[in-house]
Amino acid sequence: MTALAATAAATLAVRGVTVRFGGVVAVDDVTFDARTGEVLGVMGPNGAGKTTLFNVISGVQRPTTGDVSLSGTALTGRSVEDVAARGVTRTFQTPVMFWGLTVRESIEVAVAAREFGGTYPPAPYRELVPSGLGSSGRRRAESALRERADAMLARAGIAAMADRPTESLAFGEERLLELARALAVAPTVLLLDEPLSGLNPDEVEAVVASIRAARADGVAVLLVEHAVGELLAVADRVVVLDHGRMIAEGAPQAVAADPVVIDAYIGDELE
Amino acid sequence: MFVYGRIGLVLLALVAALVWFLPSYYTGLLTQIGLYALVTIGLNLFMGYAGQVSLGQAAFFGIGAYTSAALAVKLGLTPWAGMVAGAILAAVAAYVLSFVALRLRENLLALATLALGIVINVVFNQWEFIGGSSGFKDIPGFALGSYTFDQRAYAILAWALLAVGLWFAGNVVRSGFGRALIAISAGELGAQALGVSAERLKRQTFVLSAVYAGVAGAVYASQASYIDPSGFDFLLSVNFVLMSVIGGIRSLSGAVIGAAVVVALRQLLQTTVPLVLPSARGDFQSFFFGIILIAMLIYLPRGITSRMSEARRA
Amino acid sequence: MIESIWQYILAGVVVGAIYALIAAGFVLIYQVTGLINFAQGEFAMIGAMTAASLATAGMPVFEAAAIAVAAAALTGALCYVLAIRPARAATGVTLIFITLGLDVALRGLGLFVWGTNPLSLDPFTGGSAITVFGGKLPPQAMWVLLTDVAVFGALYLFFRHTYAGTAVRAAVANPPIASTFGIPLRTFAFWSFVVAAAIGGLGGVVIAPITSATYDMGLTFGLAGFVAAVLGGLESLPGALLGGFVLGIVTKVAGGLFSTGWEEAVGFVILVLVLVLRPQGLLGRAVRRA
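Residue numbers (the numbering used here), protein chains in the order written: chain A, 92 to 362; chain B, 39 to 352; chain C, 408 to 697.
By construction, these hints were calculated from the structure, which means they are not laboratory data. Where is the CB? At the ideal position from N, CA and C, for every residue including glycine. A portion of the hints provided could be inaccurate.
[As the list claims (entries may be wrong)] Partial list, derived from the structure: chain C residues whose beta carbon lies under 10 Å from chain B:
| id | residue |
| --- | --- |
| 1 | Y437 |
| 2 | L489 |
| 3 | V500 |
| 4 | I503 |
| 5 | I505 |
| 6 | L507 |
| 7 | D510 |
| 8 | A512 |
| 9 | A580 |
| 10 | P582 |
| 11 | L626 |
Start from the sequences and build out the full structure, keeping to the hints where you can.
Written out as structure tokens, the structure reads:
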């Protein structure tokens with residue numbers, strides 16, 4: 092059974108991250124660590140700044156102040172692909188699909204992205220030109236990539252849909268694919284933005300199992316999820332945001348019982 | 039054998055057979071189709087696979103033509119080398135321009151490529167070293183030993199290059215690079231989150247498309263033996279887009295079909311319209327081309343080849 | 408030297424006024440539909456050619472002008488109904504290509520109808536050149552500037568002070584919400600094409616006595632109008648006015664100091680600089696990267 096390579100111990104350090112949009116403060120001086128082999132739940136009512144925080148960590152959004160680093164390597168200010176190449180991958184609230192590719196091909200893109208170290212593509216003489224010339228070296232390499240993709244599909248439990256075009260996927264299947272894709276790049280840090288929303292109970296089970304497997308492989312998982320029950324069940328630690336500020340941090344049960352946290356959620360939808 | 043390689047060879051064989059009994063004028067048309075198809079393949083990689091827009095491809099075609107012509111006329115360099123030089127210069131131009139253009143999206147990218155194409159055309163017009171507005175004449179032709187190419191030889195050269203171009207592009211499209219292109223055109227942020235640099239992919243594809251256009255341009259210069267800036271204007275860029283759209287922008291065989299349809303259509307219009315409307319003057323075909331482009335985009339936006347593949351599946 | 412530069416500036420002001428009109432048409436369509444209409448310049452061509460051919464056939468100038476503007480407006484309406492509305496489901500790139508097709512088709516139509524020879528139109532009023540601080544302006548220039556004032560003034564009044572204008576602004580700001588209020592987006596799109604075409608046609612008519620009318624003037628003016636619109640800010644009508652004049656003056660001065668052949672290139676270099684350095688244009692609001 093293929094496992095993700097066990098990740099070396101690493102820490103994602105978020106320090107004093109603040110994001111201001113004009114007069115609105117979306118994220119307010121947030122500081123915490125996320126460690127490999129741990130699931131960190133990120134909770135908070137709607138509009139608390141959770142997705143914005145993810146956007147900062149993944150490089151989609153530049154913070155107004157503060158920084159993010161991974162085991163000492165600064166991530167702030169880098170492009171999204173750069174951050175990803177350094178080991179931080181994410182999924183999105185609405186899954187991003189590669190229409191025009193099949194499920195297997197989507198995973199192949201992910202696996203290929205890590206083939207050369209650094210961001211993809213490498214210099215043209217290493218890939219574009221030999222591929223165009225039909226080099227047997229490239230063909231062998233891509234064969235190997237395909238095998239890894241198939242192994243990934245099997246591990247994620249979606250091998251049955253391998254040849255289906257991504258346009259034909261149901262929403263739940265899209266989520267599973269996006270997660271499998273993210274895991275296929277063997278990340279150090281994995282940001283999951285509401286991966287359970289819109290899923291039926293079987294799919295929820297499958298995703299939670301993948302999250303546990305990723306943790307076992309040593310990935311640092313940051314999980315934003317509105318299904319608070321599920322989040323509390325799988326997380327090792329939890330941070331709670333409200334109006335951009337961190338209002339609590341600690342073990343799931345302790346945080347769930349914290350009156351400050353409960354107060355923040357009153358008036359908001361809690362599943 | 040790889041399907042695109044096969045298609046290329048079959049077409050080459052077909053053309054080689056046809057040129058033996060076709061009158062020279064039609065052979066010239068075949069050459070034109072072959073060269074335009076070559077440009078369109080590059081354009082399809084950039085527009086159809088990478089999901090971008092270029093309204094300035096004529097500029098790279100022109101750079102290839104002028105480079106080869108200038109080297110041949112001024113330095114006596116053989117057009118065989120001129121072809122390589124033309125491709126290189128077009129590639130360099132695309133590389134430099136990509137830093138300006140490729141950060142833009144859709145509308146603005148279209149405008150930027152349009153603008154850059156026109157600026158390059160103005161350079162052709164103003165630079166006396168390459169003939170300015172009167173262009174270059176007496177451009178030496180291709181030669182193999184003591185045999186200088188005639189129209190037949192150009193047709194075969196054009197379609198041989200096309201066969202190579204089809205094979206190369208076909209390989210690229212079915213490789214990881216091709217999959218990555220589709221990924222960034224469909225879900226750029228999702229691909230970036232995996233470590234894929236959309237900008238670099240687009241840049242490499244843009245440069246590749248310029249290479250295709252540059253090679254075609256160099257051959258064109260020798261075949262036509264006379265070039266001037268008006269042959270590499272915005273309207274030619276529009277024609278390339280038309281070929282792309284008609285054949286299907288995400289289709290390599292579509293590039294060939296599109297080029298053939300546009301060239302054939304132009305011929306048809308040139309011969310038949312004056313019969314129906316004797317007062318038609320000048321380059322009136324553009325009216326019909328415009329209408330056809332619009333109709334295609336409304337009713338058949340994925341081009342002719344999409345209809346064909348639907349028919350095949352049925 | 409100063410006199411020549413001043414003369415170039417004056418020439419730039421005149422041609423810039425037309426660029427401003429064409430840019431206004433772009434901005435109008437862009438604001439209401441989000442489309443960049445590559446065919447915008449051809450409306451000017453149709454206005455100019457129609458007026459010139461009618462006047463040459465003997466019609467009085469103002470009548471010819473009125474019919475010419477109507478012809479341009481009609482063309483705009485047809486373009487929307489036949490080419491834009493049927494394609495409303497299309498993706499961004501497709502729509503760009505459709506307007507490209509319109510541009511090519513209209514130019515071809517111009518060729519069909521009028522051939523390649525330039526047509527001339529007499530200036531609306533006679534008289535000798537007007538002197539402005541030592542530089543000369545043809546009397547027609549007054550009509551050009553007057554047209555600008557009238558058109559931009561009318562647009563300003565419409566958008567700021569009429570109910571319909573406010574409705575359009577609402578529709579532009581938030582189309583889904585606007586349509587729940589019953590604001591007819593498609594009708595607005597239609598009228599934006601008609602008005603943009605009429606404005607463009609009018610521009611063509613008033614500039615024809617100075618530059619004469621040819622079937623391919625549409626491309627030159629259209630592209631210049633683009634650049635002016637982007638320079639001023641595609642979201643801004645006052646930007647169109649500013650962009651038009653800035654572009655006109657810079658091109659004419661550069662063309663005068665270097666050579667007229669480079670005029671076109673200057674415009675496009677400006678376009679590229681704007682797109683790279685300040686894509687929202689001089690008067691547009693900064694676009695935030697998500």
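Comparing the hints with the structure gives:
Look at Y437(C): its Cβ gets to within about 9 Å of chain B, closer than 10 Å, so that hint holds up. Because the closest C-beta pair between L489(C) and chain B is about 8 Å apart, less than 10 Å, the hint holds. Restraint check, V500(C) versus chain B: the minimum CB separation of about 6 Å is within 10 Å; hint holds. With its C-beta approaching chain B no nearer than about 5 Å, I503(C) sits inside the 10 Å limit, and its interface hint holds.
A hinted interface residue such as I505(C) counts as satisfied when its beta carbon comes closer than 10 Å to some beta carbon of chain B; here the least separation is about 5 Å, so the hint holds. Nearest Cβ of chain B to the Cβ of L507(C): about 6 Å, under the 10 Å cut. The hint holds. At a threshold of 10 Å, the smallest CB-CB gap from D510(C) to chain B is about 7 Å, leaving the interface hint in force. Interface hint status for A512(C): upheld, as the beta-carbon distance to the closest one in chain B is roughly 3 Å, under 10 Å.
Contact between A580(C) and chain B, as hinted, is not supported at the beta carbon level, the nearest pair being about 19 Å apart and thus beyond 10 Å. Interface restraint check: P582(C) against chain B, minimum CB-CB distance 17 Å, threshold 10 Å, status violated. Satisfaction of the interface hint for L626(C) is found here, the shortest Cβ-Cβ separation to chain B being roughly 7 Å, below the 10 Å cut-off.
Comparing the model with each numbered hint stated earlier shows that hints 9 and 10 do not hold.
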